Every structure is written in C-alpha cells, then in structure tokens.
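> Start from the sequences and build out the full structure, keeping to the hints where you can.
Take 1 as the starting number for the sequence shown in UniProt numbering and just add one per residue.
Treat the hints with caution; some may be incorrect.
[Unchecked claim] Ranges of calculated distance between the beta carbons of each label pair, as one might list FRET restraints:
no., residue 1, residue 2, range
1, Asn153, Asn23, 44 to 52 Å
2, Glu123, Glu38, 17 to 25 Å
3, Leu4, Lys129, 16 to 24 Å
[As the list claims (entries may be wrong)] Below, simulated BS3-like cross-link-like pairs (lysine-lysine); rule was C-alpha separation at most 27 Å, straight line:
no., residue 1, residue 2
4, Lys88, Lys143
5, Lys76, Lys149
6, Lys76, Lys106
7, Lys127, Lys40
8, Lys143, Lys106
9, Lys106, Lys127
10, Lys149, Lys88
11, Lys40, Lys109
12, Lys129, Lys143
13, Lys143, Lys127
Source of the hints: derived by calculation from the structure; they are not laboratory data. Source: prediction; values computed, not measured. Even glycine gets a Cβ: it sits at the ideal position worked out from N, Cα and C.
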Amino acid sequence: SQSLRPYLQCVRSSLTAALSLSNFASQTSERHNVPEIEAKSSPELLLNPLTVSRNENERVLVEPSINSVRISIKIKQADEIENILVHKFTRFLTQRAEPFFILRRKPVKGYDISFLITNFHTEEMLKHKLVDFIIQFMEEVDKEISEMKLFLNARARFVAESFLTPVGETPPLVAIVAYVALVRLSGDASAPNRSTTEDSRAPACLLASGAQESLVILACSSLQQASPRK
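Next up, the structure:
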C-alpha cells in the first residue's frame with residue numbers, strides 16, 4: 001500500500017547498506033568463522049544497531065557486524081486474535097527454517113521473527129535479491145494474517161450458527177458449549193488466563209476478555225436470533 005511504501009523503502013536502504021559484509025575469521029578461536037553478531041566475542045567488530053519503526057507495533061531491528069547481519073521484524077498485531085495468528089504463523093516458519101537458509105530458528109526477544117545473513121550467503125546469492133526477499137516477506141505477511149483472521153471469523157460464525165440454529169429453546173449450557181467451541185477454533189492460546197483462586201473454576205464464558213468478547217457477542221446474537229419469538 002501507499003502508506004507502507006516509505007517504511008519499506010527505509011528498510012530497503014538500511015538493509016542494502018548493512019549487507020556490505022566480508023569474510024572475517026574469529027579472533028578468539030583458531031580456524032573458526034562464526035557470525036560475529038551472534039558470537040559477540042569481539043565488540044570492535046559489531047556496528048551500531050538500527051531500528052526502523054513505523055509505529056509502536058511495527059518495527060524492524062537491523063544489527064550489522066563485519067561478517068553478518070541480523071534482521072528482526074515486529075509484525076503488526078491489532079488484537080489478541082492477531083497475536084495468536086502471528087505466533088502460529090511464525091512458529092510454523094521457524095520449524096522449517098532449513099529451506100529458507102537465512103531464517104533464524106528463534107527470534108530476538110521483543111520481535112516475532114528474525115533473519116541471519118552472513119558473508120557466505122552474500123557470496124552465494126545476489127545481495128539485492130536477499131533484500132527483495134525480506135521486503136516481500138514484510139509486504140505479504142500482513143496480507144496473510146488478515147486473510148487468516150477473516151477465515152477464522154467466518155468459521156467461528158458458521159460454528160455458532162450450526163450450534164444454535166436448530167435449537168428451539170436456548171438454555172445457558174448451549175451458550176457455554178458454543179463459546180468453548182469458538183475458543184478452540186481460535187487456538188489454545190486464546191483461552192482466557194485463569195488465576196489460581198476459586199474464580200478459575202467459573203465457566204469459561206464468564207472469564208472472557210479482550211478478543212473473546214467479540215466471540216461472546218457473536219454467540220449471544222445468534223442465541224437471540226435462534227430464540228422463539230413470543
């Protein structure tokens with residue numbers, strides 16, 4: 001989008017400048033060549049990190065060194081549902097990091113996904129293509145999360161309607177069952193936090209907060225539509 005273009009252009013310029021890497025052997029271990037940004041054994045080989053931020057929830061951290069660059073991305077997350085989707089999506093990718101070559105298995109703390117580019121990558125691949133890959137990932141990940149969220153909402157509505165449409169009278173138990181089904185669809189991580197007190201034994205629908213409120217409203221509206229009119 002047009003609003004995203006200046007942000008991506010700034011990231012592109014920063015990555016292009018940071019990817020000026022050279023082959024540099026370790027100064028502490030003989031016959032070893034490790035990414036200095038990960039080892040951090042020689043502070044003089046590390047350059048100043050750079051953060052490109054669009055807002056509080058969207059930013060990129062570029063950490064350059066003499067022979068490697070670490071790029072960490074914070075993906076936009078507007079609500080709890082998007083938090084869950086981003087976590088599941090990035091976890092799916094990091095578990096398959098080998099085919100991506102530059103993908104880091106564990107992101108830097110405070111970010112959702114990280115990439116590690118070494119001098120060997122820039123020697124074997126085209127530098128501008130590596131930058132294009134990072135930029136394209138940033139462009140597509142927001143679209144993927146939005147599509148997944150729309151699909152999840154549609155599936156939750158379908159489940160609520162299938163539970164409640166054939167019901168003539170709608171006792172509270174049906175509402176609880178429908179809500180539990182919706183929570184399971186949105187993932188185990190979306191279940192409300194339970195305290196260790198006696199309140200944790202209350203029904204799940206009474207402990208809903210944040211993103212779960214929309215699911216409760218959806219279930220209640222379906223309940224009202226399914227209830228027989230007097």
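> Compare the structure with the hints numbered earlier in the document and write down the numbers of the violated ones, lowest to highest.
The structure conflicts with no hint, since it agrees with every one listed earlier.
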